[in-house]
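Number of protein chains: 2
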Amino acid sequence: MKQSVNAINNKIYQIPSELDDTKNLEDFLERNSGKKVIVVQGLGFVGAVMALVCANSFSEDYAVIGIDLPNENTYWKIKSINEGIFPLVADDPKIDQFFQKSIEKGNLYATYDPNAYKYADIVIVDINLDVQKESNKERVLESFDVDLTGFKAAMASIGSKCKENVLILVETTVPPGTSQLVVKPIIEEHLLKRNLRTDKYRLGHSYERVMPGPEYIDSIREFPRVYSGIDDRSADDIEIFLNTIIDSKKCELTRLQNTNATEIAKVLENSYRAMNISFAIEWSRFAEEAGVDLYSIVDAIRIRKTHANLMYPGVGVGGYCLTKDPLLASWARQSFFGSNSDLKMSINSVSNNDQMPIFAYNRLLEVFGPLENKKLVFLGVSYRGDVGDTRYTPVETLLLKVKESKAQVYLHDPFISFWQELEYKVNSNIDDVLDKDPDIIIISAGHSVYKENSTLDKIMKLNPTKIFDTIGLFSNKQIKQLEKKHTISVLGRGDIK
Amino acid sequence: MKQSVNAINNKIYQIPSELDDTKNLEDFLERNSGKKVIVVQGLGFVGAVMALVCANSFSEDYAVIGIDLPNENTYWKIKSINEGIFPLVADDPKIDQFFQKSIEKGNLYATYDPNAYKYADIVIVDINLDVQKESNKERVLESFDVDLTGFKAAMASIGSKCKENVLILVETTVPPGTSQLVVKPIIEEHLLKRNLRTDKYRLGHSYERVMPGPEYIDSIREFPRVYSGIDDRSADDIEIFLNTIIDSKKCELTRLQNTNATEIAKVLENSYRAMNISFAIEWSRFAEEAGVDLYSIVDAIRIRKTHANLMYPGVGVGGYCLTKDPLLASWARQSFFGSNSDLKMSINSVSNNDQMPIFAYNRLLEVFGPLENKKLVFLGVSYRGDVGDTRYTPVETLLLKVKESKAQVYLHDPFISFWQELEYKVNSNIDDVLDKDPDIIIISAGHSVYKENSTLDKIMKLNPTKIFDTIGLFSNKQIKQLEKKHTISVLGRGDIK
Chain A
1 MKQSVNAINN KIYQIPSELD DTKNLEDFLE RNSGKKVIVV QGLGFVGAVM ALVCANSFSE
61 DYAVIGIDLP NENTYWKIKS INEGIFPLVA DDPKIDQFFQ KSIEKGNLYA TYDPNAYKYA
121 DIVIVDINLD VQKESNKERV LESFDVDLTG FKAAMASIGS KCKENVLILV ETTVPPGTSQ
181 LVVKPIIEEH LLKRNLRTDK YRLGHSYERV MPGPEYIDSI REFPRVYSGI DDRSADDIEI
241 FLNTIIDSKK CELTRLQNTN ATEIAKVLEN SYRAMNISFA IEWSRFAEEA GVDLYSIVDA
301 IRIRKTHANL MYPGVGVGGY CLTKDPLLAS WARQSFFGSN SDLKMSINSV SNNDQMPIFA
361 YNRLLEVFGP LENKKLVFLG VSYRGDVGDT RYTPVETLLL KVKESKAQVY LHDPFISFWQ
421 ELEYKVNSNI DDVLDKDPDI IIISAGHSVY KENSTLDKIM KLNPTKIFDT IGLFSNKQIK
481 QLEKKHTISV LGRGDIK
Chain B
1 MKQSVNAINN KIYQIPSELD DTKNLEDFLE RNSGKKVIVV QGLGFVGAVM ALVCANSFSE
61 DYAVIGIDLP NENTYWKIKS INEGIFPLVA DDPKIDQFFQ KSIEKGNLYA TYDPNAYKYA
121 DIVIVDINLD VQKESNKERV LESFDVDLTG FKAAMASIGS KCKENVLILV ETTVPPGTSQ
181 LVVKPIIEEH LLKRNLRTDK YRLGHSYERV MPGPEYIDSI REFPRVYSGI DDRSADDIEI
241 FLNTIIDSKK CELTRLQNTN ATEIAKVLEN SYRAMNISFA IEWSRFAEEA GVDLYSIVDA
301 IRIRKTHANL MYPGVGVGGY CLTKDPLLAS WARQSFFGSN SDLKMSINSV SNNDQMPIFA
361 YNRLLEVFGP LENKKLVFLG VSYRGDVGDT RYTPVETLLL KVKESKAQVY LHDPFISFWQ
421 ELEYKVNSNI DDVLDKDPDI IIISAGHSVY KENSTLDKIM KLNPTKIFDT IGLFSNKQIK
481 QLEKKHTISV LGRGDIK
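Protein sequences appear in the order of chains A and B.
Quick note on this note's numbering: the first sequence kicks off at 1 and runs consecutively.
Quick note on this note's numbering: the second sequence kicks off at 1 and runs consecutively.
Hints may contain errors.
Taking lysine-lysine and the BS3-like style, the derived pairs with C-alpha atoms no more than 25 Å apart in a straight line are [as the list claims (entries may be wrong)]:
(1) K305(B) <-> K250(A)
(2) K79(B) <-> K118(B)
(3) K425(A) <-> K436(A)
(4) K137(A) <-> K36(A)
(5) K137(A) <-> K344(B)
(6) K94(B) <-> K305(A)
These aren't lab readings, by the way, just hints derived from the structure by calculation.
Based on the sequences and whatever the hints tell you, model everything.
Here it is as structure tokens:
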């Protein structure tokens, strides 16, 4: 029997071979009778929080069922929700508030049982859709592909159970064209198989702009939304639904012409950001060569509103979206729309961004010499400041290169105690790692706590050491102070010539 | 004897072989005795207007001498200024006001005589610095180079005449490193040759952000500025000077650490913009293939502040800056700083942008078929809306392709009567060109007048025709109206599938 371990409290669950949860589902629905039923498909970083938002909607009291597959990585989330422990650690106090409210109301339940779709008035699709990337060891992207097998199975799972008049809202970031060319035919095929009508269901796409962190909940409830339907009736119903969970007084709802348009909007949005980050890389290297500080240059340019989105240099891009969404777009252009062209700038941006930690590593060697037997402390392993999320973190690439050089490595992150992808323990007590008398301190994530003077004071108490700031964490004033005792090198900031 | 023709009033000047303007210079300086003397080197789109701004400074009454070379393209500008006709047509009423004031005050003079540098307290360098681009016939950039010969000669011309304590402000967009590595040694070499001290002159760099158009003057006087000096004293003096001509209450002055930094800032700023435009190209093609309207997608995304700089699709990039500045940067990285790497994203952006009109041409054939013997009207030949400037306009490439197809072409532009680069006449009366009963109307520049309903009414009166909007000029409402009679295709807006 397979196991699944709760990442929050390490509790071990046996995954049952019998997958019937009918009794519990029926009990839950009886307790919530009269309410519209929402099934949220996928309990990851988006789906789990989307379920909370739906369970705490503005204007309708929904019964919300979260559903995920009963495998090792996800089964524990289902159990955890039903045991009153939310399966995500986040800085946003609203997460806990909303979860507690849903427990009080008893309108949130999690299951692995696809029979849940039978009861759904609304299904929200929040499952992952991955890109398979092939890169060389310098992290240059050599090829990529998109395997829709899992996604199609998930749609079939809805189609084979759902009501004739269900509303399906796809939130997953998909290759543009997917709602029209993949979801629609699968749902209709299964409706027909069950001798049901295909003109009563509704299908639309609206992408989330979730930002894990201190405003996790508000990044769903109070953030502008783009939406569409496969037809006008679908778009109308999507709009009505979104208005029940989103504060549309505070944030605009924009309807686009069809699902292709919103699906393109999502990947375009993220490609834009990936490209801007990639752009900063080239100029970082140039700034280092020319002996100038790219941060102050970016500040000077950002004064212009037309240039306000210019990015600072950094150690790389992580997270689930920017590392793959531009590729989804290019793949769809060719696979769904038969184009002979790809989206070259977008593909190159992903590849450039993937290589950023390699540049950082090379720069580290260049300024501070060989690492063999040196003690290195990493401050921050998360891909983003003030978030505990190691998915595709650029720190991983940098860390693995450093380990190859036979350096001794100590990791700190206030938000992460266990790095799942690498199965490393991470220290959350900064004194522990600084006590190692490090040869080099690598600033590798922009957590606010690192910027505080208390952290600076701790570093100032160390023996003279080397500091490699890969993200421009410190202010100029802090750098000056650090330089009184230590040697500091900042990525994207050349030594003035 | 060579001639130079005044582009404003067609007056023909003979260029003298004797280049002594001493008498006039001395007279001018006598009339302006006691005033600090500014020599503005270069009377192009920046220098001519910079001279006006200096002659109408906020807090110091300068005597301003504009200087340019006595060749066919520039000699007329010198004469024109001294005859009371400003050598630029612009939509900004302040241009004329400022010019008239300087005539009243008698503090502006133009010359070709390098002896002017003898008298300068301040020299402002506003000459051109070109990139030599080699492209194939599909406008793919194949190679490029930067020839500094002319620029170096101009610096030598200053150095061989200037006062020991002159302040030199370089405003030209240069390959980063130029002030330090080119200007400084040339000036010092010439000072030493004349047995003068090399520790009294000041040298700095501050780039303009001039935007020809209705706010031409304010884009200098009321726009934030970035500046630097080769040393602190130079930076201090540049700051003092800038404060006399710029409204620093309204707009920030930012000092950067050295001239490399400001020179990089300038080309980075323009590379950023070129890249964002280039990015829109790829997605335009994709949008057309996927049958969606990229304009409305961009609008939906721009709601996010982090994405506000996302560009609309269009027919291409023109003007003097975005078409070459990214290449200056990459050239400098290798030539001045010995890098093995170029700035690939920036180079590719220039190449992509150069190819945009070719894409537009191909799209035109795709949607409206062969052009042979068809009558085509171009509305707008300028590279930018509401400006009369044909330098590197993308319309040129599109027009030449159309002409190759043996179409009959009629050009209209309210701001241009003669297209210097191609030596074409341009009609400034829209009725004349619409009366030709065109088969296709190409909207090729975003002049405000084209958006007005009066223009729409004129188009609606024509026989059913085809409209190819390459810049997204018309609103959705206008498009709906046009479609009642005509067939319209908009670049970046696919037919909905």
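Do the hints match the structure? See the list:
1. For the hint pairing K305(B) with K250(A), the CA-to-CA distance comes to about 15 Å; that is within 25 Å, so the pair holds.
2. Among the hinted pairs, K79(B) with K118(B) is consistent with the structure: their alpha-carbon atoms are about 21 Å apart, no more than 25 Å.
3. Straight-line distance between C-alpha atoms of K425(A) and K436(A) comes to about 16 Å, which keeps the hinted pair within the 25 Å bound.
4. As the CA atoms of K137(A) and K36(A) are separated by approximately 51 Å, the hinted pair breaks the 25 Å bound.
5. About 21 Å separates the Cα atoms of K137(A) and K344(B), which keeps this hinted pair within 25 Å; it holds.
6. Between K94(B) and K305(A), the direct Cα distance comes to roughly 24 Å. Compliance with the 25 Å bound is thereby established for this hinted pair.
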